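Heads up: the sequence lines are chains A and B, in that order.
If you read the first sequence in the working numbering, its first letter stands for residue 451, the second for the next number, and so on.
If you read the second sequence in the working numbering, its first letter stands for residue 46, the second for the next number, and so on.
Everything labelled a hint here was simulated from the structure, so no lab data went into it.
Just so it is clear, the structure is predicted and the values come from calculations on it, not from any experiment.
Virtual Cβ for every residue (Gly too), placed ideally from N, Cα, C.
Treat the hints with care, since some could be wrong.
Claimed, not checked - To spell it out: a stretch of chain A is covered by chain B in this simulated footprint if at least three of its residues, at any positions, have a beta carbon under 8 Å from a beta carbon of chain B; those stretches are:
id, stretch
1, 537 to 549
2, 602 to 615
To be verified - Short, incomplete list of chain A residues facing chain B, as computed with Cβ under 8 Å:
id, residue
3, A500
4, M522
5, M559
Given next are the chains, with one letter for each unit.
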Amino acid sequence: MNWLSSIADSMALRWEAARPRSRLLIGILIVALIGMVGLTPKSLFGVPLAWPYVGLIAAVGWGRSGIGFGPMVVLVMFGFAQDASQAPWGSHGLANLLTYGLSAMVHQMFDTERTPFLSFILPVVTLFSGITLVWFVASISSGHFVRVTPMLTAYFATLVVHMLISPLFDLGIRRSVPSGGGA
Amino acid sequence: MPRIGGKGYRQRPLRRYGFFVAVAGLLALLLLQTSPRLSQGVEPVRTAASDQLFHVTRPSLIDRISGASAKERRILELEARVRELAQYKALALTMAERLEVYEDILNMQGEPGGAEVTARIMAETNGPFAEALLANAGATNGVQEGYFAENDRGLVGRVVQVGQRSSRILKITDFNSRVPVMGEASGLRAIMYGGRDGLGRLTDLPEQGDFLPNERILTSGEGGLFPRGVVVGHVRDAEGKEIRVDLEMLNGQLSYVRLKPIMSIPVPEAFPVETEVAELTDEDGS
């Protein structure tokens, strides 16, 4: 299995050397792929599968690098693509963008005191707030509180997928704030 | 750490403003859609976007991998065919009723019904001598020599030998079988025999007229060996002076066959017919 580990090492090295723009492009491709599959009916042995909000995963991941124009535009575009199903235009984009901002803010706030616990809890919180935003906008636009259970299952699916692919949404830069500044 | 007053410091507020402008823009877009008129205005965009997205993503990747999409497509095709055939069935039933009425009006001698037997095929001989089937129904089941055999698709053959509990069926694919046939559309008559390639061959073709391409071939009923109108196959192509026929029975199962009696035409009386009336007249006159 040496060749397998050498391939993995080579890919890790290439990823380390990749520029932020390349990383952003790879992230876009991943979101597009998962999102495209998610648009189709999904079931396993007749049981409907919960699909992750991969746009939120990207927002949390890219937000770690601070605010940037590229990710913002991409997240808004992803939001419009998600809205094509039946949501009001801009609702998913808003959720993506606010999650992105929140992720940027909390990572800047806790950047100096990063612990394993924080590394775990920050995405959990930011993703939860993103899902809550989606639920909130959906409830407002439909005029009633929409069902929570599907949102929760989607949230857990998002968390699981986030744990698996979150390194791919690391742009490799830290737009750190000068002392005294907030995000 | 970027220096204060450096590029990063200058760009940070711009990014932040951009972020807030984008959020405000999206909020405004959401609020604008609360107006029914504006909402209706953007619906065509949604429809177009949905069409594009769903066109690209259907069928799903999972369905493609598991083959579910192919099965679903096949089910849809079959459902469409069932709907189509249901229409034909209704039409056929109506026509059958009308035909019955017409035959009653004309006092027409129809094909006789008779004791039909469904038999299981126990053995099949495809040797160089004869292509025959051995069915598990014989004289005790009412089967007689000359019965014809059908499967779910069409004519299979003719009973040439009957035992007590079994009967031998000469298949129409046999070289020695001769089936009087006709084209369903052209109405042309011919004799069909079995070829070596599993196809039927038409011989004794009419001098005028040609069978139509892909035309259905039915039994003509001539000679009384087979009833008229049993499906045999359809015209495949012409090979020299012979026309080849795709046999329908090969498309169906050959595990079970239906053995049916043929119409027996009584031998006509000798002429002149001596009737009782004639005899009575003779008696009065004498």
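These are the hints, each one checked on the structure:
Here the stretch 537 to 549 of chain A counts 8 residues with a CB under 8 Å from a CB of chain B, which clears the bar of 3, and the coverage holds. Counting residues of the stretch 602 to 615 of chain A whose C-beta sits closer than 8 Å to any C-beta of chain B gives 0, which falls short of three, so the coverage hint is violated. The criterion of a C-beta within 8 Å of any C-beta in chain B is not met by A500(A), whose closest approach is roughly 14 Å, and the hint is violated. Here the hint on M522(A) is kept, as its CB sits about 6 Å from the closest CB of chain B, short of 8 Å.
Restraint check, M559(A) versus chain B: the minimum CB separation of about 15 Å is more than 8 Å; hint violated.
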